[in-house]
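**Student:** Given these sequences and hints, build the entire structure.
Residue numbers (the working numbering), protein chains in the order written: chain D, 34 to 146; chain P, 321 to 1220.
All clues given are correct.
Mimicking EDC-like on lysine to aspartate or glutamate, the simulated pairs with C-alpha atoms at most 16 Å apart in a straight line are:
| id | chain 1 | residue 1 | chain 2 | residue 2 |
| --- | --- | --- | --- | --- |
| 1 | D | K111 | P | D346 |
| 2 | P | K466 | P | E927 |
| 3 | P | K622 | P | D453 |
| 4 | D | K109 | P | D346 |
| 5 | P | K385 | P | E351 |
| 6 | D | K100 | P | E351 |
| 7 | P | K617 | P | E488 |
| 8 | P | K617 | P | D453 |
| 9 | P | K959 | P | D1039 |
| 10 | P | K622 | P | D485 |
| 11 | D | K100 | P | E344 |
| 12 | D | K109 | P | E348 |
| 13 | P | K385 | P | D346 |
| 14 | D | K111 | D | E92 |
| 15 | P | K385 | P | E348 |
| 16 | D | K52 | D | E92 |
| 17 | P | K387 | P | D346 |
| 18 | P | K983 | P | E968 |
| 19 | P | K983 | P | E927 |
| 20 | P | K413 | P | D403 |
| 21 | P | K983 | P | E916 |
| 22 | D | K111 | P | E344 |
| 23 | D | K109 | P | E351 |
| 24 | P | K555 | P | E507 |
| 25 | D | K111 | P | E348 |
| 26 | D | K109 | P | E344 |
| 27 | D | K111 | P | E351 |
| 28 | D | K100 | P | E348 |
| 29 | P | K385 | P | E344 |
| 30 | P | K413 | P | E700 |
| 31 | P | K617 | P | D489 |
| 32 | D | K52 | D | E126 |
| 33 | P | K959 | P | E871 |
Because the hints were derived from the structure by calculation, they are not lab data.
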Amino acid sequence: MTPPSGEVLQGTLDLIVLKTLDAMGPQHGYGIAVRIQQVSEDLLKLNQGTLYPALLRLEQRGWISSKWGVSENNRKAKFYTLTRLGRRQLATETESWERMAAVIQRLIRTQGA
Amino acid sequence: MQRLRVFVSRTLESFGFVRASRRELDTELSEHLQLLAEENIRRGMNADEARAAAHREFGGLEQTKEKYRDQRGWPGISALWRDVRYGSRLLTKTPALSIVIILILAVGIGSGTAIYSLIDACLLRSNTYPVVDRWDVVRAYLPTQKIYANYLSTPEILEVKQLTDIFEDVGAVHGDGFALSAGEFPERVGGTHVSANAITMTQVAPILGRTFLPEEDRPGGPLVAMLSYELWHRKFSGDRNILGKPIRLNDVTYTVVGVMPPHFDFWGGQVWIPLQLNLADQNRSDRRNWIVAVVRKGVTEKQANARLQALSMQLAERYGTSMPEYRDWTLAVWNINEAVIGGIRPALLTLAAAVAFLVLISSANVAILLMARSTARMREIAVRMALGAGPRQIIRQLLTESLLIALIAAIAGVCVAIATLPLLVHMIPSEWLTTFPELVRVNIRALAVACGIAGTVGVLFGLAPALQLARQDFVESLKEGGSKIGGDRRGRSARSGLVVAEIAMSLIVLAACALMLQSYRRLQGIDLGFRPDHMLSFEISLPEARYASREQIAGYFERAVASIQALPNVDASGVVSGQPMVDRTVDLASRDFSIEGRPTEDAHANENANFRIVSPGYFRTMGMRLLQGRELSVQDGPKAPLTVVINESMVRVYWPDGDALGKRVRLGRVYGRREMYASADAPEVVLTIVGIVADVKQTRVIEQPARPEMYLALAQQTDPPRDMAFVVRSSIDPTQLLTSIRGALAIIDPQQPVDDVNTMDQIVVDAFGPKRLTLFLLSFLAGIVLVLSSVGLYAALAYSVGQRRHEIGIRVALGADGRDISRMVMSHGARLALLGVAIGIAASLVLTRLMQDLLYGVSAGDPLTLAGTALLLTTVALAACFIPARRATQIDPLAALRHE
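**Tutor:** What follows is the structure, given as structure tokens:
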């Protein structure tokens, strides 16, 4: 049996990032990456670099905004914040994700029985 | 909404409007890596391990950046922008070459456009109304007299007007002049009598008031006038309340009803009044108006003429017996543009061709330079391909570079055009300009064409190396670099071909210019038939209101001539019915005549000669040469036998044996001058030839041979013209006489204005104006062309010497001395130059024939002119070879060989 791949599913990274920002408040890229890894208990294998294009995409859509600030080590870092639009988006996406997950779960169970 | 936001953000990013993004990303990412590494150190790694691990965890740093960048903007545009930046870096790497390429293109585009704009404004488009292409004059050709009759009678106008299937509308006009009394002194202004529809037909609306109403165009209708914008501004200070106000024209009061927009040049008039034609007039021989017509859309000139010919035949059938002129004349349309520019078409074509050659030569130059440059870059391109750049990327890169050059050059060219045009206009005396100087604008179409050609050349020849690469193995070109012995054969032959073509084209332009110069010289040395020095000329137009009778008119001119003659420093003075060298065509006032004692059984035997009405002192004042008999004198008075003096051309044609003196001629119909039509119905007069004078150049068309010409005595005219030109010969500078002349004339009639005052020298200079303008522009073009083609030759040779460094080094190492080397380079250049010159001579033998009409006294294939041009071009070309040849001798063989 192949081990669970742990690759981030296409499209779910957006949701994960939005949720992370929602939970933690303003956060820089590194912080988001660390947080994702902690929460997923390292099950989710995230190439941290891929986070940045995703952040840019979210920002272009207006779901998050960015601002330069000072990191815990007193160096320049860019902090991302969830916008009002993003919060709304998070709600929709969470809902649709839950619905999707439920469907898939039901599907798998039926097949398994 | 969502998409728009993304679109805007990406587009802004694409063009780098959101600046510093690259550096920001770098900072952000390096901070990330730093934090990762610090975390790793905390876990117990050493610094190097920590950093390596951080990079591992992060994944491909460059890929992230690339992906990020692509997502930031639009990948294509971002890449383009990158190419543009890269391209401009390359351009600035070889600044001299880039500047030369751009300058050449800019000069080519700019000066070509400027000259074409000038040609377009001055020569092509003196008339600017929207329907000008369909705006025709209807005139009659009289084959026996070999003249065109422009003036037609009222019944004829109405008959043409009935051809509604070919004409949208038909109107009638005739030019005139008025003494406009506004302000202190009356001033003479050009004016036109127009039928009510004539101005409306141009489809130009007045900016103030209205055009004429049909009821104003009836005999006895209200006296109204329209003003040109220029006159309105000059004389009435642009008074917006001018409508309804009276103006005085020839002592008659007219009411202003409208003002036309600026630059409305209608029949040369500045004021227009209704023609008030009597439509019931049945007199067919009273021809005093021009017919103007707008041809229906889609009707060709041929169709219109066929219809007019049918009408001519009907007229011949119906009236031919009583009116012989109807028997073989043909009515035909004459486009107004053709009428204005017809005579200068050869000049136009020559100039336009020269402009085209200029643009082609500068393009060829740029092609040579671009090819040389890109061949030198073969190696760089090969390296880039070896490093993984695909052919598409390479081609896109090269294309961007070439387009960048073309774009910069086009912008610079526009600047050159905008800068040169006013300079050119400024350099040209205003009387040569056939248009308003402010109407000379950069012609957008010409600019677009020039830029298009330049852009195409840039792209084609910028791409050449890429195409070459596609053909050959790039590893090969990597190995050999750009310095294969002998250089790349294909590139070299292409360059040589271009150089040869350039020199050939230059030769054509230079030859055209030289021919023009030659013929201009001959023209200036031409015998005018009179002595223009120390002469003053001006015009007097007597108003009908104050000068009604024959006695009043003749009396005024006789007294005026006598009182001017009595002034100190005046040697002689006279009057003539038309100033010499002012008219632009040979169709002057002319008259049919028959020779007494010769068979005149058929009206077709009617002969025709130009005629002028002169006072006795005219011949002496002009300095004309009397060949036989005597001049007209005071003894040729109203009661004396009628006499005439004729010119030598008339003798040559009609009395080839030279026995004209004492012969009698019977005068017939008059053509050409409206003010002389009153005598159309006068009884036939018989004149005795008393003198023969040398031919005089009477028109601005100096190169045309003189027509047969008759000089009639003013005193013997039953209906003398009211418009006469005075000529005064003085012993001092003629302009100093003006005050005393004005004083003398004011005593006779203080209200009478004096117009068109000029020295005869100035009139002659003006007559040469259009020719000098052509010559001036052609010389300007020829100069640029000469410089450009030398630069092209120089560039090709210099480049080839650079390419052959290695080979030359070997030759020197094997014992060739400096002279051998320089001879080798020189002979290469000389071969190209001579081949170009030879082809150019062959081509110009064919092409300059097209400008034969423009030439006077020199044939288009004049061997001496061609030889001189060839010599000049060869000399300049060899001089251009000299520098590269010298440079070749200075190549140090050791350095050249080590260079590899």
